[in-house]
Amino acid sequence: MSDQAVIPLRVVGQRLPRVDAGERVTGRAIYPADLVRPGTLVGSIKRSPHGHAVIKSVDTTKALALKGVKAVVTGADFPEIVPGTIIPFGETGADLWVSALIVMARGKVLWVGQPVAAVAAVDEHVAAEALSLIEITYDVLPAVASIEAAMAKGACVLHPQHTTKGFEPGAAIPPNIGSRTLLERGDAELALTQSAATASIAVKVYTGHQGYIEPHACVAEADPQGNVTLWASSQGAHQTEIQTAGILGLPQSKLKVVPLELGGGFGGKITVHLEPVAARLAQISGRPVKMVMSRAEILAGGSGPPAAAQVSVEVGAEADGRLKAIAGRYVFDTGGIPGTPTTLLMQASAACYQTETLRLEGMDVVTSKPRTEAYRGPGGIQAAFAVEQAMDELAIKLGMDAVAFRQRNAAVTGSLMPAGTPFPSIGLTTILERVAAHASWRDPLPPGKHPRGRGLALGYWRGTSMTSAAQLTVAGDGRVMVTMGTVDISGTRTTMAQVAAEEMGLSIDDVHVATGDTKSSAYSDAAAGSRVGRTMAAAVVDACRDALGQLKGRAAERLQAPEVDVTYDRGVFRAGGNGGTAASITLGELMRQTLTDGAIIGRGVSTKLPFGVEVGAHVVDVEVDPETGQVTVLRYTAFQDVGRALNPTAVEGQMQGSVVQGLGWALTEAIDYDADGKVRNASLLDFRLPTALDVPPIDCVIIETPVPGVPYGLRGVGEMPIVPVAGAVANAVRRAIGVRVTNMPMTPERVLAALKNKAGNPA
Amino acid sequence: MIVDLKHIGEMCSVVRTPDKGWRIGAAVSVRQLGANGDLARDYPGLIEAAQLIGSLQVQSRATLGGNLCNGAPSADAVPLMMSIEARVEIAGTRGRRMVNIESLPVAPGKVALTPDELLVAVLLPPRPARSAARYLRFTPRREMDIAIAGSGVAVRLGAAGEIAHARITLASVAPVPLRATKAEARLIGERPTAALLAEAARIAAGEAKPISDTRASADYRRELVAVLTRRALDACVAEAGVGGSKP
Amino acid sequence: MKTVVQCEVNGEPREALVDPRDTLLQLLRDRLGLTGTKEGCSNGNCGSCTVLMAGAPVCACLVLAGEAEGAHITTIEGVADGNDLHPVQAALIQHGGTQCGFCTPGIVLSAVALLAETPQPTSGQIRHAIAGNICRCTGYDKIVTAIAAAAAEMQAGARQ
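Chains as they are written, first to last, in this note's numbering: chain A, 1419 to 2181; chain B, 30 to 276; chain C, 3 to 162.
Since the hints were derived computationally from the structure, they do not count as laboratory data. The beta-carbon is built from N, C-alpha and C at its ideal position, and this holds for glycine as well. Keep in mind that a hint or two might mislead.
[As the list claims (entries may be wrong)] Which chain C residues stay away from chain B? Per the calculated CB distances, all over 10 angstroms, these:
| # | residue |
| --- | --- |
| 1 | Val6 |
| 2 | Glu10 |
| 3 | Glu14 |
| 4 | Leu19 |
| 5 | Gln28 |
| 6 | Ser44 |
| 7 | Glu79 |
| 8 | Pro121 |
| 9 | Pro123 |
[Unchecked claim] These stretches of chain B come out as covered by chain A in the derived footprint (C-beta under 8 angstroms, 3 or more residues):
| # | stretch |
| --- | --- |
| 10 | 171 to 184 |
| 11 | 238 to 246 |
| 12 | 252 to 260 |
[Said to hold, decoys possible] Calculated pairs, BS3-like style, for lysine-lysine (alpha carbon to alpha carbon, straight line, at most 25 angstroms):
| # | chain 1 | residue 1 | chain 2 | residue 2 |
| --- | --- | --- | --- | --- |
| 13 | C | Lys4 | A | Lys1622 |
| 14 | B | Lys35 | A | Lys2174 |
| 15 | A | Lys1571 | A | Lys1937 |
| 16 | B | Lys35 | C | Lys4 |
| 17 | A | Lys1674 | A | Lys1937 |
| 18 | A | Lys1526 | A | Lys1480 |
Let's have the full structure, built from the sequences with the hints guiding it.
And the structure:
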């Protein structure tokens, strides 16, 4: 596919508007909550009020007897799924046990808001009354609603049957540890003692949230022959099918998942929440069932937030700035079910730097909180909040410019990754050159009313592979339709239409891209891990080339020429290839003449694509009110290597959206759990997503260093740009007021506390 | 049964009173208030405070009457109304009565209205010469947020430039909007130096009775009171000093 | 007890039977089938359900259905003239101002209300006008650009 680099592109790389924008700006796009099926019931969930309790009994008699109630379900209505029930998902598979417990508690409740029962009724008023009539008795157990509480000596153990892995034999293992990972290269401890300068920091990150504006919703319907249709808003129709079928004990042949529009996911709509419940209620009632979560449910246990974390990092360097050691300890809050991996985020946090030695230790801790789920570069922003501050502090101690320090240590193609293998193509040095020369870094900070500072942080994300499938068919007029096995998450229909148009030599208006349901598309992994653009593009390229091969055969027949002599360019097949004199036929004419000879079906499957390493650097200017602690973000510039921008507008949209999400968590967003695991701020008033007034324009600098072996050289785009945000802001705050804020979000109260702490303990 | 009060004429109008004050119907929306240029010239601080309530969407619906009767200690329009000594007119089955706004809130979510009563209008006194009133609040977000603390200040300067009259009412630091009377007393008769205003603001912080909750700690709220009160006093003194028109 | 509400939605007379507890949002979505108005928080904190009542933006989740009696309401379905888009809609498409699309109807209505009163808004005024509309995808940048472009377009009179 290296030939792609030399042929000028016509459609790929253009700033084309989204092909599905018209229905969005007119309110015609259909999300599950908008779907109306005849006779639809309202489904609603009874949730645990306790952070940790044994379910002694559930009595649904009174609820079932209420007029207008058509079905009631509890854990007993689902087959038991044991830990270690691995289902296909990405590179590692996933444990269906986790999804099953998120969908419905069994035996005991592990967090406030975990589902315990559900009803389907004729309207929301009846459903609410029915929920109040379900009688549940609990044996309340001690909750451990924070990392500290869960790891404390003598803490109540949430999963007594769980075996903690990853510790050395004989090690003292704190309670409630899911597992431990250690990544070690050289003797970091020794290297730190030999360093000319060291810097260390310990940070605490509170639980955030993905904050998608569309609440979780689905509609399920079961026919008399046992076929279930599920209309879902999900990051992966096929993942929703696998999980739902598994949790229901239903053959996948009996379940069709239809992806409707996705009103934001950001990692939080991969695991199923409502879908199996809606399906079971539909099976029992024989009626369509719609379920829509309220915002309060979403924030208080109904969804899986990203992990709280405690990260401590120490870094050391020679006097010339060369890094000798990175030592980090990453403790992540997995919520009520063990198994949140720390390996990738540990590696990501150190990946931008070449270092002589390395010691990264990671643990996930089970707490009485909702099971955490993915959020845009999972764990990345939390880890980088620590590592990027440590690096910045080290640069200050060395008296080096923050960019120059990074340039001194930047990972390059072939240098060692944290795991010890050589880096594939990485464009970090180019990015740093651009930063160093850019106005956002070079312009003097304009003076303000309050102290100001400029911060820099780097970010890395892997840009995973996983598999994608596409099929391409050609209509009787030569126009093409691509059906994808993934949903549209960030303009996928548009970018894939660009790819298909490019490959087929057509205009984007000649291409229709559909997100297939699970019975009309082939298995594709979820839209997650910065992979859809890359891997679906590879699948679409494959499908186009497959179809073109078939079409060439037909054209050869029509043109009465050997197939090897037939060429194709921009909608025209030519025999002989010698310009205007040769016989030719247009794609449209060819299809008009041969459609009824049989369909053209191009098959595209991409798998095990080289990683699309994503790196970037963010520069931010802030002003800090030293009396209130309020941080105002004045200017923000994001630099990122995307390999090639399929559609620069879409790329910028990903970067800008990521940055603002990162600013939200960095400054104002946190779910506030009390000691019993109850949420004290389950609304969008007190869970403070940034508004348009809270953020400046986000300037984007797109850099294109193609990845070999990937169509168009594409890298991942969507996750990396959230990773550096909190670190960059913290570094800017440090430069403004001379103190490090170690708790995130860096709320005004915390910033002020840090300032006072400094005043009380002069360095 | 639900009765919509927003179609009663006197509750939906803003009129100048004969004494050059204002009568604002309890159901006049913040959006409508902001459109009244004369009112905005007299009491720019009231308009500003009211425009802190919720979003523009909320301000299409929010009213001074609602902000008062909701009984929230964080109500953004209330401290300033108290500091300018506004009164409210209440209609009930036993007739009408006028009360000082200060006596209306009794507890979070509770006001001194009986079940047969209705708040009809807010009455603003005429704006005195060389006076100003401003409300400052603190929220983590710029808008769409609830005051962690707020301070509504009204100041009138005397002929010699001394502070002739001062009122300070605090938001979100007590079960109801709270007058900082000791701070007020410290100001009266004094020349408004920066040191004096800062001292009064610190006294106000001492008078606050905040709680710790999900939004902030009591200590932080108290600190904010000092900062906001000082800044509001600074602004008012500056504004009153140039004759009382909006700077 | 349910009552009949009569109102004008997008210039057309409509009536529906509503429960006293129903909101305008439920009236629009569930009774009138106007599902372009979205429900994101049910508390007036996200702006997804923004509609215009007498030209003023309101959160339909904070208005009781009964209050719609006699009201003139504009929803997202009434912004375009058939498929002839309002400049705000066209600009959002052109400038990448819509991603997942869930907040978009509310943004459109806030912007339409802004431009009706302030034909030449500054970017600060635009940000203020949409501060009650939370968007989680775009970071707002391209929305602000789009609304400014729509204002310029309308000023140029291209629509007349």
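Hints and how they fare:
1. Val6: 14 angstroms, holds
2. Glu10: Label holds. Min Cβ-Cβ 16 angstroms, cutoff 10 angstroms.
3. Glu14: 22 angstroms, holds
4. Leu19: 15 angstroms, holds
5. Gln28: 14 angstroms, holds
6. Ser44: Nearest chain B Cβ is 14 angstroms from serine 44 of chain C, so the label holds.
7. Glu79: 18 angstroms, holds
8. Pro121: Since the minimum Cβ distance to chain B is about 17 angstroms, proline 121 of chain C lies beyond 10 angstroms and the statement holds.
9. Pro123: 13 angstroms, holds
10. 171 to 184: Coverage by chain A holds here, the residue count being 5 at a Cβ distance below 8 angstroms.
11. 238 to 246: Held - the stretch 238 to 246 of chain B has 5 residues with a Cβ nearer than 8 angstroms to chain A, which meets the minimum of three.
12. 252 to 260: Since three or more residues must qualify, the claim that chain A covers the stretch 252 to 260 of chain B holds, with 3 doing so at under 8 angstroms.
13. C:Lys4 - A:Lys1622: Between lysine 4 of chain C and lysine 1622 of chain A the Cα gap is close to 52 angstroms, so the pair fails against 25 angstroms, i.e. violated.
14. B:Lys35 - A:Lys2174: 49 angstroms, violated
15. A:Lys1571 - A:Lys1937: 51 angstroms, violated
16. B:Lys35 - C:Lys4: Status holds; Cα separation ~21 angstroms.
17. A:Lys1674 - A:Lys1937: The given pair, whose Cα atoms are some 6 angstroms apart, holds under the 25 angstroms limit.
18. A:Lys1526 - A:Lys1480: 22 angstroms, holds
Consistency with the previously given hints fails for numbers 13, 14, 15, ordered from lowest to highest.
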